[in-house]
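6 protein chains.
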Amino acid sequence: MSWEQYAAKTDGVAIIPAGSCEQHGSHLPLSTDSIIATEISRMVAEQIDGIVLPTLNYGYRSSPYSGGGPLFPGTVDLSLNTMVELASNLLDELLADGFRKILFLSAHFENQAPILEAMHLAQRQHGTDNQIVLANWWDPLKSSVMDEVFSDITFPGWDLEHAAVTETSLIMHLAPELVHSDKLPAKEAFTVPPYLRVPLQTSDIPSHGALADAVGATAEKGKIIADAAATAIAGICAYEFGVHMKTSVKL
Amino acid sequence: MSWEQYAAKTDGVAIIPAGSCEQHGSHLPLSTDSIIATEISRMVAEQIDGIVLPTLNYGYRSSPYSGGGPLFPGTVDLSLNTMVELASNLLDELLADGFRKILFLSAHFENQAPILEAMHLAQRQHGTDNQIVLANWWDPLKSSVMDEVFSDITFPGWDLEHAAVTETSLIMHLAPELVHSDKLPAKEAFTVPPYLRVPLQTSDIPSHGALADAVGATAEKGKIIADAAATAIAGICAYEFGVHMKTSVKL
Amino acid sequence: MSWEQYAAKTDGVAIIPAGSCEQHGSHLPLSTDSIIATEISRMVAEQIDGIVLPTLNYGYRSSPYSGGGPLFPGTVDLSLNTMVELASNLLDELLADGFRKILFLSAHFENQAPILEAMHLAQRQHGTDNQIVLANWWDPLKSSVMDEVFSDITFPGWDLEHAAVTETSLIMHLAPELVHSDKLPAKEAFTVPPYLRVPLQTSDIPSHGALADAVGATAEKGKIIADAAATAIAGICAYEFGVHMKTSVKL
Amino acid sequence: MSWEQYAAKTDGVAIIPAGSCEQHGSHLPLSTDSIIATEISRMVAEQIDGIVLPTLNYGYRSSPYSGGGPLFPGTVDLSLNTMVELASNLLDELLADGFRKILFLSAHFENQAPILEAMHLAQRQHGTDNQIVLANWWDPLKSSVMDEVFSDITFPGWDLEHAAVTETSLIMHLAPELVHSDKLPAKEAFTVPPYLRVPLQTSDIPSHGALADAVGATAEKGKIIADAAATAIAGICAYEFGVHMKTSVKL
Amino acid sequence: MSWEQYAAKTDGVAIIPAGSCEQHGSHLPLSTDSIIATEISRMVAEQIDGIVLPTLNYGYRSSPYSGGGPLFPGTVDLSLNTMVELASNLLDELLADGFRKILFLSAHFENQAPILEAMHLAQRQHGTDNQIVLANWWDPLKSSVMDEVFSDITFPGWDLEHAAVTETSLIMHLAPELVHSDKLPAKEAFTVPPYLRVPLQTSDIPSHGALADAVGATAEKGKIIADAAATAIAGICAYEFGVHMKTSVKL
Amino acid sequence: MSWEQYAAKTDGVAIIPAGSCEQHGSHLPLSTDSIIATEISRMVAEQIDGIVLPTLNYGYRSSPYSGGGPLFPGTVDLSLNTMVELASNLLDELLADGFRKILFLSAHFENQAPILEAMHLAQRQHGTDNQIVLANWWDPLKSSVMDEVFSDITFPGWDLEHAAVTETSLIMHLAPELVHSDKLPAKEAFTVPPYLRVPLQTSDIPSHGALADAVGATAEKGKIIADAAATAIAGICAYEFGVHMKTSVKL
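Residue numbers (our numbering), protein chains in the order written: chain A, 649 to 899; chain B, 649 to 899; chain C, 649 to 899; chain D, 649 to 899; chain E, 649 to 899; chain F, 649 to 899.
Chain A on its own, in the form it takes in the complex (with noise of 0.2 Å):
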């Protein structure tokens, strides 16, 4: 897209996917948030017309119950405070540039809270005749999505899918040639305490990195979790920011 293309859409949604470069166990890539944000970023804004900027490739600092955490090497990971001024400076630029209606789509569940901090400083700071909406791709899928996504198997809680069913076939589906599939992880029972602590001790999640059960992932699957979602985002757009939805949907 060229300069002239994007200033051709400013009154339509601008759309930051917001990744990571994070352990996803040994089977998918480091860059399994960042590729997610990406596609459904792309189907939503062919679902509103609207723009996808380039991808924020790195996120903020990994914890160890929803990421396995900083000590699995490749897991490279921005500090709190410089997540909040990435996210505050495309803000500003995309303020500056016109736009009045922003999504950020984020995969890496840790990016939440910086990126709303930059969302209030953003309305602190430039008023509040603008829009800006957060929305994680698993949030708003539908009970009957994940129903026939877990039909035959246990659902673990959102909180353990890390690198687990719903991620691993996302990526079967968006990017097959990325996923080891002979390297799926087996179950390994661990326990998350109900506090947190530093030093991080890495013995107390599985050593592969994935948080919950692989087995079971397909790219069948994948393509029924990456099309809800991106419907789903596409109606919290269409309901937030009043545009037009090429696909009739229900929220």
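For the record, the hints were derived by calculation from the structure and aren't laboratory data.
One thing to keep in mind: the hints can contain errors.
Taking CB as the label site, the calculated pair distances span [claimed, not checked]:
| id | chain 1 | residue 1 | chain 2 | residue 2 | range |
| --- | --- | --- | --- | --- | --- |
| 1 | A | G775 | B | T658 | 28 to 36 Å |
| 2 | A | D875 | C | H774 | 46 to 54 Å |
| 3 | C | E694 | A | G805 | 50 to 58 Å |
| 4 | E | F803 | C | F803 | 15 to 23 Å |
| 5 | E | A837 | F | R772 | 25 to 33 Å |
| 6 | D | D852 | A | A744 | 15 to 23 Å |
Keeping only pairs whose Cα atoms sit at most 25 Å apart, straight-line, the calculated SDA-like set for lysine to any residue is [said to hold, decoys possible]:
| id | chain 1 | residue 1 | chain 2 | residue 2 |
| --- | --- | --- | --- | --- |
| 7 | A | K790 | B | R845 |
| 8 | D | K657 | A | L719 |
| 9 | F | K790 | D | P788 |
| 10 | A | K657 | D | F838 |
| 11 | F | K790 | D | F838 |
| 12 | F | K831 | E | D745 |
| 13 | D | K657 | A | H828 |
| 14 | B | K790 | A | Y713 |
| 15 | D | K871 | F | L822 |
| 16 | D | K835 | D | L808 |
| 17 | F | K871 | D | Y843 |
Only a predicted model underlies this, so the values are computations on that prediction, with no experimental measurement involved.
Ideal placement from N, C-alpha and C gives every residue a C-beta, glycine not left out.
Using the hints, position chains B, C, D, E and F against chain A.
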């Protein structure tokens, strides 16, 4: 406590109560979180012979669906970066004074991200010959306690327990003179959307600011919760820090 | 105070007590400044129908010759920038809530520089349709009060009144149970050099941490000081903010 | 690449492609720099068996006379400090993971100052048992390559090579589907003043945003440039880092 | 001084003159503090064979009752944080170059808080094998000197000695061509309130900006003060740093 | 200049000389850049009736191949962020004082990036009803001047003109007593690599720190350069700011 008494305790656990100045419905004080954090910290300190530092009376920015949000007057929030710096300063000082076992005891969910960041930064800067734990008072409560508290009423989930039965019960127990018993919030239906947005709209949540019903709250329940939380967190200290506990406890 | 009670007071004066966690000799608690700031703030609020915000329990880095300095265990300090950010956040929030009359009431000398910076920054950012005052409790005391307090003993000058007669008297009055009366510091000569230096050397000041004699302190003197300080600061509010004062006062 | 594959490569070179989101005339995509940085990084990694980190898709603020400047819509820039923090975070993480040989490969001139600052800060903080190199793709090109590329047209100097023959040729080679071949910029005279100023005035540079003629760009030339740049930078790695190079090269 | 001459002196004392750009009445230049700091630094360096670094020509924000405040045109101030960073950078650099004895010689009262913070931060970061002193030129003056200077006029106290007898005398001695002798400020009564406030009101202090009478200032008195201050500060260096002093001095 | 004289000039141009404290070979002083910036600023001010603010005596971190780099003792540098903050503070203050025409006149190449950032930030914050220019003294020199200066010797290019003929000539003219004429650097061959790296290695550049030959420098050439630079920059002010120029000039 004088500095000499403090200096005699540096082999033990230093507890930092982390509260907030945040709306808690028409019936509870703005300092609800600070009161709870302070009092449970004292109870924990009693059990493990630790010391309690002065309370952090302001916390990180309140979110709409966990605390009603910044649009309520009286919610006086710190920015994300200020809260990180504040917690970092305290860790620097306590580590410089010789403490190697530090507990943040938080009663405000939003404090988690910045305190965790400060914990990571401290580890980067000061090495790993120290242990720092962050515990919210609600996380380690055993299900038997919850069953007892909610034996006659319905638990709406922790996400909505803001100014509701547990917090109201705790303040009825810990600081009964501060509860406006005539203003216990009536139930008001509202929907938590599966995404975050700005500008905030106060119309989205109950006008009194409580996210769930407080009917059924009693001082007795408050005592049950406070005792159970203190004992559970003292148990965490015994487990993580290896300190002796006056009362035996099962996690 | 609930948020509704707070919201009803935004036409009046918001008072922020600014204390510290700082060594105050062997006989006074680490929270001496916080206690004094809190209690005098309440007395001022009573006289001018203002509200008292939660106390800032930590203050800017203690200096050797005004507070004994950071080398005493138990002196838990904030950095200069953190203290500026903290005060700035509070001003942002109170101004956003509609307050136009704000008083910092400080009991810790070192807080002056960062709070003043925050006041200037607030003026730059929010304009001049608001008034912000910073008052230390000791500055507006009339000479007749000082004469009364020091009728039988010698006033060493405010620079050395750390953990000495005035602070000891105030805590004897405000929180007598926290005074170790058996440990009132004996007089120890030391010299304040006409310059500042690092590294600090604890040997330069009395080993107990008090900069002057506390002998002669009494709860009665504490009451005289507290009443006089509160009335004087209420008078400042009447003069600067134009608020009504319950008790007549001459500055 | 999974985290295990990454962990197996920490003795080698980690390459961070540094791009931008910046107007590149009517004929090239906003991600021109990111595409070039990414693709040449891959070619270098191939030659020296290094790994390529995710691309920095946003860069430091575009300057008028090297990139057309921030007034063009679609130029989405980071502030100087954000870019320093971003690069610093990555260095911290890679050094913590064990890398000692790190290459920033930049395709955006303005990234140089903040990345160099991050390199200095890393040296201050982490010592000198590591080597960090910043290479722009154009700097090490040999004159024979330039002669070949500009055999039939005139080289306007690197300062004006923005969205001109070299970048256009590179994108024609690396991502031909993103070039609007019908919009190659016609020559437009303009003068670069010998000083910098704000406010910027878009009238000072060609309205399409390209600083020089792109006529004469071809995919073949793009291949020549890409191959030569990759080989030259691989040679720098061989020389500076002492790594083995698959293809022999003369600097 | 070339870098080789500088390198030969790193065993000695490095002196950083800290001035300001601040109104000094109608009769003295904006650079009054910088001139005084520079010249006395040179005199000190002469006595102890130290070196003088380039002067900090801007200082921390002027306060109304010590310098007339920021509302006077020509008072060009740094923020608190910038001044801390500036002083910190210099300490980092001088310590990296091998200096272990560093003196800040300040002629601007407001510089004290940020320079002291930088000194503390340097100690935290670089350890304690170095000594850093901050001296204001007026603090170590002996009472006999003050008696001589004020033998025929009244000393208003250091708080009000802004653009008054001592500073005017010093500039009459050090840079007589910069004094508007026809504009020596006449006495104007004003009251310093026992608190600080914003917005500032220029009407509170004399319209010419001098806080006290400059009548009675003479170049001879300036010489007495400059000589006495330089000798006293050289003596501080001899005492603190253990350096040899060319002229004998009693503190 | 007193504050009243300053206040009378706010309709004109405010000039901020930006120098450095940086090694300039064995023959030139560390303050070479500051001296040049200050003196040319005065000459410009004379021609356009502007005012000269106090000089920035420290600049952004020296780079090896433009200034010899931070490894030379005596090169006392600011960090990138400090330099941005410093320049930002000055812009804030001058704009607050009413200036609308501001010129940074820099004699240190590395200052360009941080000053330009400050200029952009000022525009974001203060709007566009002001004009800010950054000029290096060497950029607007006409080729006829260069031909004259280098009539008998070879111009090595501006990149290597560090402590070489132009700077040496300027100091011979502006501050001849500071030149060690017996130490003019002999020619030493060295190669500038087409990339940047850390750790720096002092062996890469001439041991005396000058990047090119200073033989051929004369005070007469210094006068030619100083006059030409001042006139050219005065001309820039006339063109950009619309101010009247005492001497006619052609750009």
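Could you grab the alpha-carbon distance between K657/A and F838/D and see if it respects the 25 Å cut-off? 29 Å, violated
Taking the Cβ atom of D875/A and the Cβ atom of H774/C, is their distance within the range 46 to 54 Å? 48 Å, holds
Check the hint pairing K835/D with L808/D against an upper bound of 25 Å on the C-alpha distance. 12 Å, holds
Quick check on a hinted range of 28 to 36 Å for G775/A and T658/B, using CB atoms only. 49 Å, violated
Hint check: K790/F vs F838/D, CA-CA at most 25 Å. Holds or violated? 18 Å, holds
Hint consistency between K831/F and D745/E [alpha-carbon to alpha-carbon, up to 25 Å]: 23 Å, holds
Pair hint K871/D and L822/F, alpha-carbon separation not exceeding 25 Å: Violated, at about 53 Å.
For the pair A837/E and R772/F, does the Cβ-Cβ distance stay inside 25 to 33 Å? This hint is violated: roughly 45 Å between Cβ atoms.
Taking the Cβ atom of D852/D and the Cβ atom of A744/A, is their distance within the range 15 to 23 Å? Holds, at about 19 Å.
Using the beta carbons of E694/C and G805/A, state whether their distance is inside 50 to 58 Å or not. For E694/C and G805/A the Cβ distance comes to about 52 Å; the hint holds.
25 Å limit on alpha-carbon distance, applied to hinted pair K790/A and R845/B: Holds, at roughly 20 Å.
Note whether the CB distance of F803/E and F803/C lies within 15 to 23 Å or breaks it. The hint (15 to 23 Å, Cβ to Cβ) holds, given that F803/E and F803/C are roughly 21 Å apart.
In this structure, the earlier hints numbered 1, 5, 9, 10 and 15 are contradicted, and the remaining ones agree with it.
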